[in-house]
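Put together the whole structure using the sequences plus the hints.
So you can see what is in the structure, the chains are spelled out below.
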Amino acid sequence: MFELVVLDSALRMATPLIFAALGGIFSERSGVINIALEGILLTGAFASVVVTYYTGDPWAGAFAGVFAGMLISLIHAIVSIVFRADQIVSGVAINLLAMGATQFLTWIIWGSSANSPPVQGMAHWGLPESWGAIARGVNAVIGHYPPLVYIALASVVVAQVVLFRTPFGLRLRATGEHPEAVDTLGVSVVRMRFSGVLLSGALAGLGGAFLALNTHQFVKNMSAGRGYIALAAMIFGKWNPIGALGACLLFGYAEAVQMGLQGRDVPTQFVQMIPYVLTMVALVGVIGRARPPAAIGKPY
Amino acid sequence: MRTAFAILMIALAFWLVGGCNTGDDATEVDAFRVGMVFDVGGKGDKSFNDSAYRGLLRAADDFEVEHTEFEPGQDADRETGLRKLAQAGYDVIIGVGFLFSEAMRNVAVDYPDVNFACVDFDVRPGETLPPNLAGLRFREEEGSFLVGVLAAMYSKTGRLGFVGGMDIPLIHKFEAGYVAGARYVDPGISTTVAYAGTTPQAFADPARGKELALLQFGRGVDVIYHASGSTGNGVIEAAKEVGKTAIGVDSNQNYMAPGNVLTSMVKKVDNAVYMTVQAALEGTFEGGLREFGLEDEGIGYAVDQYNEDLITDEMLAKVEEAKAAIVAGEIVVPKR
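Sequences listed follow chains V and B, in order. Per our numbering, the first sequence starts with residue 1, numbered consecutively. Per our numbering, the second sequence starts with residue 1, numbered consecutively.
Bear in mind the hints are in silico, worked out from the structure with no lab data behind them. Every residue, glycine too, gets a C-beta built ideally from N, C-alpha and C. Just so you know, not all the hints are guaranteed correct.
[Stated by the list, open to error] Label pairs and their in silico Cβ distance ranges:
id : chain 1 : residue 1 : chain 2 : residue 2 : range
1  : B       : GLY89     : V       : LYS298    : 53 to 61 Å
2  : B       : ALA317    : V       : ILE134    : 42 to 50 Å
3  : V       : VAL277    : B       : ARG183    : 33 to 41 Å
4  : V       : THR55     : B       : GLN74     : 28 to 36 Å
5  : B       : GLN87     : V       : TRP59     : 43 to 51 Å
[Claimed, not checked] Stretches of chain V that chain B covers, calculated by requiring three or more beta carbons in the stretch to come under 8 Å of a beta carbon on chain B:
id : segment
6  : 9–18
7  : 107–115
8  : 266–280
Okay, structure coming up:
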């Protein structure tokens with residue numbers, strides 16, 4: 001269960017969750033519920049493959065993922081902030097829109113609504129082998145992941161600092177807790193909420209890009225519920241980047257253990273329950289009460 | 001205002017979700033028309049569905065028939081897709097995959113003048129099919145046995161892996177044949193088996209396929225046979241990434257990573273589809289079950305320019321020996 005290959009796999013499985021959960025935190029800390037994470041992941045995945053396909057450059061693809069994520073989250077922002085619509089309804093609509101639109105566009109571009117052709121992935125980062133045995137040892141233990149894995153981990157630290165150590169973070173959190181107070185002090189609630197939602201789009205879009213580029217293709221509905229799991233990880237981590245990281249790693253680990261246990265005389269169906277059982281046990285037993293931002297879900 | 005906006009958004013979303021089909025509306029034309037409805041993996045899976053699609057294209061070319069494809073967006077769309085094509089007056093309708101079995105049964109009875117064919121038809125015990133429904137089945141275990149022989153002879157670690165799509169009897173046939181073939185070469189060989197899931201989505205999840213394969217490779221496995229549709233693209237990707245080998249399935253997938261695909265278990269769905277269209281065109285279409293295996297070349301293994309360096313003469317001799325023994329009935333390959 002603690003083999004290196006399983007831990008490796010856990011980290012890769014956690015990466016899209018980390019990006020999406022961070023995105024969720026920025027959005028919800030500003031007071032906007034974002035269940036559209038699922039759709040944003042999918043959109044990011046799709047856009048990254050399209051751009052990588054035409055440019056041959058996975059980094060351009062990753063930027064496209066970020067951009068597309070922001071674009072679709074802009075819809076969520078306009079609908080729920082400017083038009084003050086119900087944020088859950090808008091999120092659900094965006095998820096459906098993303099599912100349909102990506103399939104439709106896949107069909108337009110490649111003639112199949114289910115699969116894109118293979119695209120270039122990102123070269124893995126690690127110490128050069130020419131540095132000798134030490135470099136190889138380091139690579140074997142902590143190195144040789146796709147670059148976005150490291151970027152995800154770094155983003156957690158940055159998000160933590162931004163949220164809790166900068167004026168922007170303070171304003172964002174205040175907007176989610178008590179928008180009237182923020183408004184009274186002359187800070188624009190609308191602007192803060194737009195920032196939160198757009199940041200969430202950028203991060204979740206990058207998560208989608210990782211998902212697709214690591215698989216080297218786009219497959220219909222490839223986010224496969226990861227957006228919702230990221231949402232759970234966000235709640236699990238109490239709307240706190242470091243906490244969410246822990247939750248994402250736990251989910252990734254459960255998933256990897258589940259896959260690693262297969263073929264050892266335990267029925268597949270049973271093994272595949274592990275991540276979900278673990279989630280429920282952890283939710284009920286370990287974490288205690290999670291308190292969302294006070295003004296969440298309320299249009300201002 | 002905002003309620004109206006939300007409703008508009010949802011309507012737009014549904015329009016897009018539902019709008020992704022390519023089925024023609026009922027137009028009266030004289031041309032012979034063939035419709036094909038794809039499985040979960042979808043067109044472009046480079047495996048099962050693409051094999052069927054190739055057969056359709058070849059038939060369309062050779063016989064100058066018109067063709068339309070339909071890719072179901074979700075489970076319930078399968079029967080709808082079949083009905084839509086039947087209503088539009090298509091002459092032959094082909095469902096690609098066992099998931100269509102139930103829908104085919106229902107629709108075939110309602111449209112007795114249309115010929116239906118279902119690949120991998122999941123037959124009920126004692127069931128007789130209507131005369132306009134052909135169930136096309138394959139003895140995948142025979143081909144899997146042969147690639148198992150090759151895998152066991154090629155493996156240097158003596159550890160083989162298998163990644164299946166959905167955990168169902170159809171895929172167990174691949175696993176059983178593969179394991180039996182490997183043991184035919186080396187009775188003590190170790191095999192690791194994993195399935196991507198228990199829903200049809202397990203045939204369309206390359207991200208999971210890649211992780212499953214990386215886990216097996218990380219544990220000393222050096223050849224993995226996948227029977228998992230586009231999930232297997234991830235398995236082949238993993239083989240390429242760590243410099244190990246994979247075995248393709250259904251279509252010849254050797255070209256996908258030359259040097260990292262040992263061979264492919266080829267299931268000639270394309271030939272079955274082609275023959276079905278031809279029979280319908282010539283008026284010799286017959287309902288009922290049809291089974292394809294090694295002896296009629298409905299199943300095989302692929303050697304081409306992409307993998308000939310991996311396959312030695314000794315391996316070829318052994319696999320041909322096994323093939324002859326299976327065809328002669330000297331080896332009975334287990335189905336589970």
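Numbered hints the structure breaks, given as an ascending list:
none
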